[in-house]
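Trainee: Chains A and B are the protein sequences, given in the same order.
Everything in the first sequence is counted per this note's numbering, starting at 1 for the first residue and increasing by one.
Everything in the second sequence is counted per this note's numbering, starting at 1001 for the first residue and increasing by one.
Incorrect hints may appear among the rest.
[To be verified] Per the computed footprint, the stretches of chain A lying under chain B, defined by three or more beta-carbons under 8 angstroms from a beta-carbon of chain B, are:
1. 232-242
2. 246-256
3. 321-334
4. 360-373
[Said to hold, decoys possible] Quick partial rundown of chain A residues pointing at chain B, CB under 8 angstroms, derived from the structure:
5. 9
6. 19
7. 22
8. 23
9. 117
10. 217
11. 219
12. 220
13. 344
14. 348
15. 377
16. 378
[Stated by the list, open to error] Partner residues are not named here, just some residues of chain A that face chain B (Cβ under 7 angstroms, in silico):
17. 8
18. 15
19. 18
20. 223
21. 316
22. 376
Worth flagging that the hints you see were computed from the coordinates, not collected in a lab.
Just so you know, even glycine gets a beta-carbon here, dropped at the ideal spot from N, CA and C.
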Amino acid sequence: MAGWIRFNLFSSWYNSVLTIILSISIALALWFGLSWIILQADWSAIYTLGGRFIIGQYNVEAACPGQNCFWRPQASLLLITVLLGMGWRVAGGGITKRIAIIVAGVASAFAFLPYGLNEMGWDVRLLLLANVPALAAGWSLARFTQLGTTFWVFVFTMAAFVLTVVLLRGIPGVPFLQPVLVIYWGGMMLNLLLAVVGIGLSFPIGIALALGRRSHLQVVKLLCIVFIETFRGVPLITLLFMSQVLVPLAFPENFPLNSLFRAAIVITLFSSAYMAENIRGGLQSLHPGQAEAAQALGLPSWQTMLFISLPQAIRNVIPPIVGQFISLFKDTSLVYIIGMLDVVEIGRAFIQGNPEYLANAKELFIFLAVLFWIFTFTMSTVSRRIEHHLSIGKR
Amino acid sequence: MPTLPRILTYQGVPIWRNVLAIQWTLQIASGVLVVVLISWFLVNISNAIQDRDIPYGFSFLSREYQTPIGHHFLDYKSSDTFLYAFIVAATNTIFVSIMGVILATVLGIVVGISRMSGNWIVATLALVYIEFFRNVPLLVHLFFWFYIVLALPPVREGHSISQWIYINNAGLSIPWLSPSGVEVVAIWISMAVVAVAVGWAVHGWMAHRERDTGKSSYPLAAGCAVAVVFGAVAWVALSMAGDGAPFVVTQPEPHGTFGRISGGFTVPGGMFALLIGLVTYTAAFIAEIVRAGVQSVGRGQTEASRAVGLSAMGTLRNITFPQALRVIVPPLISQYLNLTKNSSLAGAIGYSDLTNVAKTMTQTAPAVSIFILIMAAYLGMSLAFSLVGNLYNRHIRFTGS
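Only chain A is shown next, with the shape it has when bound in the complex (with noise of 0.2 angstroms):
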């Protein structure tokens, strides 16, 4: 301990300067930041908007006339919620358990979060704390029936998916999932919905577009470089910005393309332009050696892509894709271009809206920072933990 603290804060006279002088600012920001969250900053904007941070204003009476909505967004956290138990149980705890216990932790603990009856209610409530029993019933689904495998975690995370779109969207004519349109939509909520659209799809369309750009075909390489230039080359908020203008223009009258719909396609779009050129970085870091291997074993050229040449790649740039990932969701903020109400737009037009809190801007913006950081840090962790278990095999 010692000799730790001599080398990495007192090698030499100046490093023993610095590490005083800053030790003694860290200290005086510290008392000084700690007094200004505990005493001086008024976080009552936190408050009032609540729930207003996950759902937006999905149950508001024009989004949902007579009724209340709010169980939907709830019941689609329960499906995620079972989904996590099951991973744990396949997954067999580490990261996983992690995740699922602090997920379903945190939901039910908004339990009991001190509002009055009148603003969260009964069922509100109940619903939260039915986090941990879904927990326990997807880990015993996976435990205790023949769903417990890696193929059944991904066919119920697609039914999930698509359910959680049904349940928000809602269904004519059905009384209890009356449609609720996608302008009400919002909150972290569509933040989540927009970045897993996102990254589900960008990934296999960039793998695309970075075989095509790699093609011997002239022509679908061409197609592929101008799409690929054309995405990196524009600022999203310009791309969006567009959706919502001139892409209509580009569709008959009555065509089904809501803005969200229109906004998932172009943050898919752009994002693939950068994944594909992640992915064709790892596949150019691969010695071709690897590949004219596997066509001396006989294996036609889409085998040798699809068993050799793309595994190596993509494992040889998770960090890069990792990190088009965690960009991909910070960029969902930028929805608030074509008027939907993310997260942080919803901070912004309460502040607008409510002069008095302008003196209270900044404890808003410091949460909204920290509430990304914890879903961007997650996204880190787990990229370093896939990592570190792929290249066991390196050894």
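We have chain A; now place chain B onto it with these hints.
Mentor: Leaving out everything else, chain B in the frame of chain A:
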């Protein structure tokens, strides 16, 4: 096996198994598909333009824009044309990008080197900085700074530091050099160019001599000194000759009832927030790039350099950094591009950059044409950045064997 008609085979192989035939069919099919899709979009757009009387074409560019632009570096009046307003807005974007790139590089290098510091506190602080700033959306950063600037007191009650620097909700005002006359400035600038050229020549000559004789002199310091002395002499000579110094320092001064600040240089509040947000955000990415670059240089290089007697500073400057640059520059260029594109978020905090002005223009001008212009502008900026970066990259990469 039934024999095929001759026309369906090529050298005895059915054409649907012929590699060339398959490849060409695929290419033609994909090409046709894309062309059909694009023409379908174009037909739809032109139908929409006809049916709904949507304006189109580029004739609006010579019309008067009739809308104020919040902040502009070039002179601008509402009676100027759309084209000129577009250029004014593009200048704002370019200025913010260049300032942002310079500041973010400096901050990024400082943080990146701190991250590798032997001092645990310095390294940890840098890590915390990087992890926090990288993982939060830029929009949240921008709003944070923007509302801090908005919460500053108005100009009359603003903070000032001994009449030199003013901080208030209109922005940050600092003393600045302003030219005293067109002629004198032109003369001095041409002299300064000569001075730099002479300094460059001195540096080249001394470096050459140092290589040939092995005697240590200080070519870089000497070159800079010669250039500075030449420039200063020219400055003094011009001041003595008559019109006074080519540039004079002007101090910001509040005027009038609302206390508008004139003189000096004012960084408007929106741009101030935009620059702080962009710089602190991008610097976190640059720091990681710098660290990866420096760590990519083998430890043997540093050890060998120390063994032949170079100082720690000399090792960093002459051995580590030139090699690290080869790894650093390509991702650094893409960060510069990202910064330029990210500056389009300015609209969210009310600063009039290219995207924001173009968005306002779509209310009075054809949206389709504006999108073509704006995409061309951003693609042009990206290409310019890539070109400069790639030229530099070619300059520093391994040459020879």
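Trainee: Next, verify each hint and record whether it holds.
Mentor: Hint check results:
Check result for the region 232-242 of chain A against chain B: holds, 9 residues qualifying (beta carbon to beta carbon below 8 angstroms, three or more required). With a threshold of 8 angstroms between beta carbons, the proposed coverage of the region 246-256 of chain A by chain B holds, since 6 of its residues qualify and at least three are required. Only when three residues or more bring their CB closer than 8 angstroms to a CB of chain B does the claim for the region 321-334 of chain A stand; here the count is 5, and the claim holds. Coverage of the region 360-373 of chain A by chain B holds [criterion: at least 3 residues with CB-CB distance below 8 angstroms; count 8].
Against a cut-off of 8 angstroms between C-beta atoms, the interface hint on residue 9 of chain A holds, since the closest Cβ of chain B lies about 6 angstroms away. Taking 8 angstroms as the C-beta cut-off, the interface hint given for residue 19 of chain A holds, the closest approach to chain B being about 6 angstroms. Annotation: residue 22 of chain A was flagged as interfacial toward chain B, and the flag holds, the nearest CB pair being 5 angstroms apart, inside 8 angstroms. Interface restraint check for residue 23 of chain A: the shortest CB-CB distance to chain B comes to about 7 angstroms, inside 8 angstroms, so the restraint holds.
Checking residue 117 of chain A against chain B by beta carbon gives a least distance of about 33 angstroms; that is not within 8 angstroms, so the hint is violated. A least Cβ separation of about 5 angstroms between residue 217 of chain A and chain B falls short of the 8 angstroms threshold, and the interface hint therefore holds. At about 4 angstroms, the closest approach between the beta carbon of residue 219 of chain A and any beta carbon in chain B falls short of 8 angstroms, and the interface hint on this residue holds. Annotation: residue 220 of chain A was flagged as interfacial toward chain B, and the flag holds, the nearest CB pair being 5 angstroms apart, inside 8 angstroms.
The beta carbon of residue 344 of chain A is positioned within 8 angstroms of a beta carbon in chain B (closest approach about 6 angstroms), and the interface hint is therefore held. Of the supplied interface hints, the one on residue 348 of chain A holds, with its beta-carbon coming within about 6 angstroms of a beta-carbon of chain B, less than 8 angstroms. Because the closest C-beta pair between residue 377 of chain A and chain B is about 6 angstroms apart, less than 8 angstroms, the hint holds. The beta carbon of residue 378 of chain A is not positioned within 8 angstroms of any beta carbon in chain B (closest approach about 10 angstroms), and the interface hint is therefore violated.
The interface hint given for residue 8 of chain A holds, since its Cβ lies 4 angstroms from the closest Cβ of chain B, which is under the 7 angstroms cut-off. A hinted interface residue such as residue 15 of chain A counts as satisfied when its beta carbon comes closer than 7 angstroms to some beta carbon of chain B; here the least separation is about 5 angstroms, so the hint holds. At about 6 angstroms, the closest approach between the beta carbon of residue 18 of chain A and any beta carbon in chain B falls short of 7 angstroms, and the interface hint on this residue holds. Taking 7 angstroms as the C-beta contact cut-off toward chain B, the hint placing residue 223 of chain A at the interface holds, the least distance being around 6 angstroms.
The interface hint given for residue 316 of chain A is broken, as the beta carbon of that residue sits about 15 angstroms from the closest beta carbon of chain B, more than 7 angstroms. Because the smallest distance between the Cβ of residue 376 of chain A and any Cβ of chain B comes to about 4 angstroms, under 7 angstroms, the interface hint for this residue holds.
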